Every structure is written in structure tokens, then in C-alpha cells.
Amino acid sequence: MADVSKVIEIIKRIGADIEANKEFLTELDNIIADGDHGINMDRGFKAVDAIIPTFEDKDIGTILKQVGMKLLSTVGGASGPLYGTAFMKAGAVAAGKTEVDMNDFIAMLEAGIDGVVKRGKATTGEKTMLDSMIPALDAIKASYAADQDAKKALDAGVKAAEEGIEYTKTIKATKGRASYIGDRSIGHQDPGATSFTIMLKGIADLI
Amino acid sequence: MKKIINAVDQVENQMIEGMCKAFPQYVKKLDAGNIVVRAQKKEGKVALISGGGSGHEPAHGGFVGKGMLDAAVAGAVFTSPTPDQVYEGIKAIDSGAGVLMVIKNYTGDVMNFEMAGDMAKDMDGIEVKQVVVNDDVAVEDSTWTTGRRGVAGTIFVHKIAGALAETGASLDEVQAVAQKVIDNVRTMGMAIKPCIVPAAGTPGFELADDEMEIGIGIHGEPGVKKAKLETADEIVDQLLEKILADIDYAGSEVAVMINGCGATPLMELFVVNNRVADVLADKGIKVYKTLVGEYMTSLEMEGFSITLLRLDDQLKELLDAEADTPAMTVI
Chain V
1 MADVSKVIEI IKRIGADIEA NKEFLTELDN IIADGDHGIN MDRGFKAVDA
51 IIPTFEDKDI GTILKQVGMK LLSTVGGASG PLYGTAFMKA GAVAAGKTEV
101 DMNDFIAMLE AGIDGVVKRG KATTGEKTML DSMIPALDAI KASYAADQDA
151 KKALDAGVKA AEEGIEYTKT IKATKGRASY IGDRSIGHQD PGATSFTIML
201 KGIADLI
Chain Y
1001 MKKIINAVDQ VENQMIEGMC KAFPQYVKKL DAGNIVVRAQ KKEGKVALIS
1051 GGGSGHEPAH GGFVGKGMLD AAVAGAVFTS PTPDQVYEGI KAIDSGAGVL
1101 MVIKNYTGDV MNFEMAGDMA KDMDGIEVKQ VVVNDDVAVE DSTWTTGRRG
1151 VAGTIFVHKI AGALAETGAS LDEVQAVAQK VIDNVRTMGM AIKPCIVPAA
1201 GTPGFELADD EMEIGIGIHG EPGVKKAKLE TADEIVDQLL EKILADIDYA
1251 GSEVAVMING CGATPLMELF VVNNRVADVL ADKGIKVYKT LVGEYMTSLE
1301 MEGFSITLLR LDDQLKELLD AEADTPAMTV I
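Protein chains in written order, with our numbering: chain V, 1 to 207; chain Y, 1001 to 1331.
Hint data in this document are derived by calculation from the structure and do not stem from the laboratory. As the structure is a computational prediction, the values presented were derived from the model and not from experiment. Check each hint, because a few of them may be wrong.
[Said to hold, decoys possible] Among chain V residues calculated to face chain Y with C-beta under 10 Å, some are: (1) Ser73; (2) Gly77; (3) Thr85; (4) Val117; (5) Lys121; (6) Ala122; (7) Ala173.
Each residue gets a CB set at the ideal place from its N, CA and C atoms; glycine is no exception.
This is chain V alone, in the form it adopts within the complex:
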């Protein structure tokens, strides 16, 4: 499914997509919280971009761990520890590998999302990134189990993540800074669910 150069290509793509959506993510965050999600994520992925040249002779596990550590030390806020943890946990699953297949990817995604659940002490239905992450993981698993088609499974994951974004519009935030405005958060989509969906879409496009 993906070797080291493909993983590097994906990381670059995610950075470019986050940069392209910087204002959009910040605007979404501004409506329901403190308006820095796009700014912080862009700062983090720019810092990741700067260390990409050191990735070429490394295994996928090491690369993802270094991406996670860089996000952890540059993003700040809640997204830094959450995405940082997700990449580091995914990296631990891919330790030593120079190529991963779809089963590896599913295990990596699952470990990363599990890291977000534990670190954020959160679950679905609280208007967070998990409202896209968990349905996406479930959809990818179900589709791949049925058809053994990586591309099809990733597309199903993106669709589920997008539906997750739509779902976040209908609910009130109970976790994160958006929870402070209570019912006023209803009607607006969650920035974290949106940034995750952007990342997954980047992966799906390149596989």
C-alpha cells in the first residue's frame, strides 16, 4: 500500500492541505471557540515540513513518531497533544517497517484514534474530532473486510468522516473550548473533525 517515499508524499500533502485550509479551519474555530485551530495546525505541519529531508533513510514507524513529536512540541492547545499522540501511536505500530499494507494501516489508524480517546478522555457525540475519526475507522474496517480493496475502503472512510462533520453540526459541544458556549455551538461544524477529514482525504487521494 505505501512505502517510505509514499508516506513522505502523504505527509507533504497533508501539510499542503492544512496550509490551504488554514483560514477555513481558523474561521470554523472562531465561531465556536478561540479561533486558532488552522493557525496552530499550520505552524505544526510547517515545522514537520522542515524535518522531512531527514526522513528518507528512516522506517515508517520512526517517521511517524518524529511527526508526532514535532506536532506535540509546536502545535500547542489541545490539538498538539491529540494529533501528536495519534501520530506517535500510529508510528509505534509501524515500528521498523519500510512498507505498510492496508491491514497495517488499519492497525495504525486504530492505535492513533485510541490514543486520542485516552489522551482527550473523550468519546463520540461530544462534538470533537472523534465524531469523524471513529465512524471513518469503522467504515474503513467494514469496507476492507468486505472487498479487500484499499482505495475503496479509504473512500468509504472519507465519506464517513464527512458525515461525521455533518453530525457535529447537529450536536452541542461537551468537550473542548466549544463546550463553553453551550447550545450556541449547535449548527456549527467541529474544526477538529474537519482537520482530520482533510488529512484522511489526502491519504485516500494518494493511495
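Given the coordinates of chain V, assemble chain Y onto it according to the supplied hints.
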């Protein structure tokens, strides 16, 4: 956006440098980042570390010094500092008696500080404990949610826990008194004009000339409701009603903080305090001490918060204990 800055990505750094250059007798910056520590490290005491996003000046670096904090870590504007930065601060201030982290209750702050505390415990064997400040009554409290925000009441935690630490008390004792402050302090704020995060360039919410936002936090985020602007007395009554309903202040003595959000004239803060003092007197609540000024700001937001701390003899003594920091001096 109109601001007196050089570059958006240099604001935090240059602010910290400028603060340290202004107060070299009190504070210095660590090379590892935007971490302010005491100019002279005091050995043999429990060390206090706090921090959060920038944009709350003088919090938190302004409260580093004798009788208050040992370190303050500044993240990007309104963004929690990262674990590696907090970890560097913890390592710099520990002198063997342990470190207390004073964290404001935000998802990001709690996660970043807890990760830093774990790093210091696991890698350096430093004894690290924490308290989480959640004084904002505007937000509903529930075990199922993120819970209440930490806002201006945090300054009373710095003052009182810092004073006890200075006496050589143990980490458990300092943590306990910090928690006692948290259990007895309540705050609520409002704004009439939003602030602009430099990197964002646009305000966090919009208000018409005759509108106000009630129940704002300290990050330029919207409050719990938008309403028509009222008189100072009516606004004070509204905020105090929520605070006084939250814990029983009847017959007790309190410390009052009227905190300006960054662009509110002192004149208006005193107008506010005039009403606060009268209402408290009416209700038989005795004001032991009042602080009026800017302690926990939100950039150039125009607004204020009211904080009430219910006192006992221990808290009164520690509130009155000596403090010597850039932004608070008690002699």
C-alpha cells in the same frame, strides 16, 4: 487589524524578552523557550509553575517572584504551551522539594501540563503534583463535560499557594491550600468589545454598539449570551447574582478582584467596584481586601470580570503575606 507589533510570529517571544528586560531583578527567560523563571532561584522550597497562552499579561510571567510563582510558561497567543516547554520549566525550578503545577481548566492546558509532569516524573524523578483552577461560573459544571474554565481567580491561587510555599511547607500542604482557594473562588466576566488574536487578524465575536457579551472567557471566545448593553450597576448585579448563587458567601469575609480585560479604563473598573462593594455590604458579606486592575487580560478586550474568594484565617494570612513580583507587590 491595527496593532503595535513587529511580526505576528514574534509577538510572544518579544513580549517575554521585553518583560525580562524590564524586570531583571525579578525574572529571567530560559534559553529553552518562552519560560520565565525567578532571577534568583530559591532552593529548598516547593516550586510553583503556571502558564498558558500568551495574551493574558501580566499573567503569568508578571507573577513570578518572591511569594508567588517560580516559573511561568507562555504559549502562543491564547494557546497552551507545549509539554516540552513546561517540562523545561519544571526542571529549572525544582530544588528537590517538588513542583506544583497550577493549571487553568482548558482541555489543551490540562493535557500539555500533565504530559510535562509525567515527563519530569518518569525521566528526572521530580515529584510533581497539580491543581486545576475552574472558577468561571458562567459555564455549567458537570462531570460529563470539560467543565468550568480557569480565569482570573487563578491569580489568588498563585498568591496564596505561593505564600505557603515560601514558608517551606510540603508539596502536599501547598497543593491542599491551592485546592482550598479553588474550592472557594468564583469569577464571572463580560465584554463590550472583542479582541483580535494577531495571527488571526479578525475578532473572536462581533458586537453592535449597543450590545454586550455576558459570560466571556479569557480567550476572545464568545460568552454564554449576547444581550443589550445595560448600566454598570445592572451588569454587576447580573454577574454577582450568578457568583453568589454558586457558593454560600453569607456571613463570610471575601477578597474581591475587579479584573480589567485589557482595554477597560480604571475609571470604569472603579465604577464597577462601587456597586460590588455596596451589594456585598447589603448582603452582609464583609470585604477583607479588594484588588482593582489588570491581572488576567485578554489582549485588548474591553470588559471586566468579578472574582470573589471566600476567606478563612489561613487564607487571609497568606493573602497578606509578602509578595514581590513584577505585577504584584504585598509588603
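Next item on the list: Would you settle whether the hint for V/Ala122 is holds or violated, based on the nearest Cβ-Cβ distance to chain Y being less than 10 Å?
Entry: 9 Å, holds
Check: Against chain Y, is V/Gly77 within 10 Å by beta-carbon distance?
Finding: With a minimum Cβ separation of about 4 Å from chain Y (threshold 10 Å), the hint on V/Gly77 holds.
Check: Given V/Lys121 as an interface hint, is the shortest Cβ-Cβ distance to chain Y below 10 Å?
Finding: 9 Å, holds
Margin query: Does the closest beta carbon of chain Y sit nearer than 10 Å to the beta carbon of V/Val117?
Written below: 13 Å, violated
Item checked: Interface hint outcome for V/Thr85 [beta carbon to chain Y under 10 Å] -> Nearest chain Y Cβ about 9 Å off; hint holds.
Next item on the list: Go through the hint on V/Ser73 and say holds or violated, using the shortest Cβ distance to chain Y against 10 Å.
Entry: Holds. Min distance 5 Å.
Notebook entry, point to check: Per the CB criterion, is V/Ala173 less than 10 Å away from chain Y?
Noted result: Result: holds, 8 Å to nearest chain Y Cβ.
Going through the hint list in order, the structure does not satisfy hint 4, though it satisfies all others.
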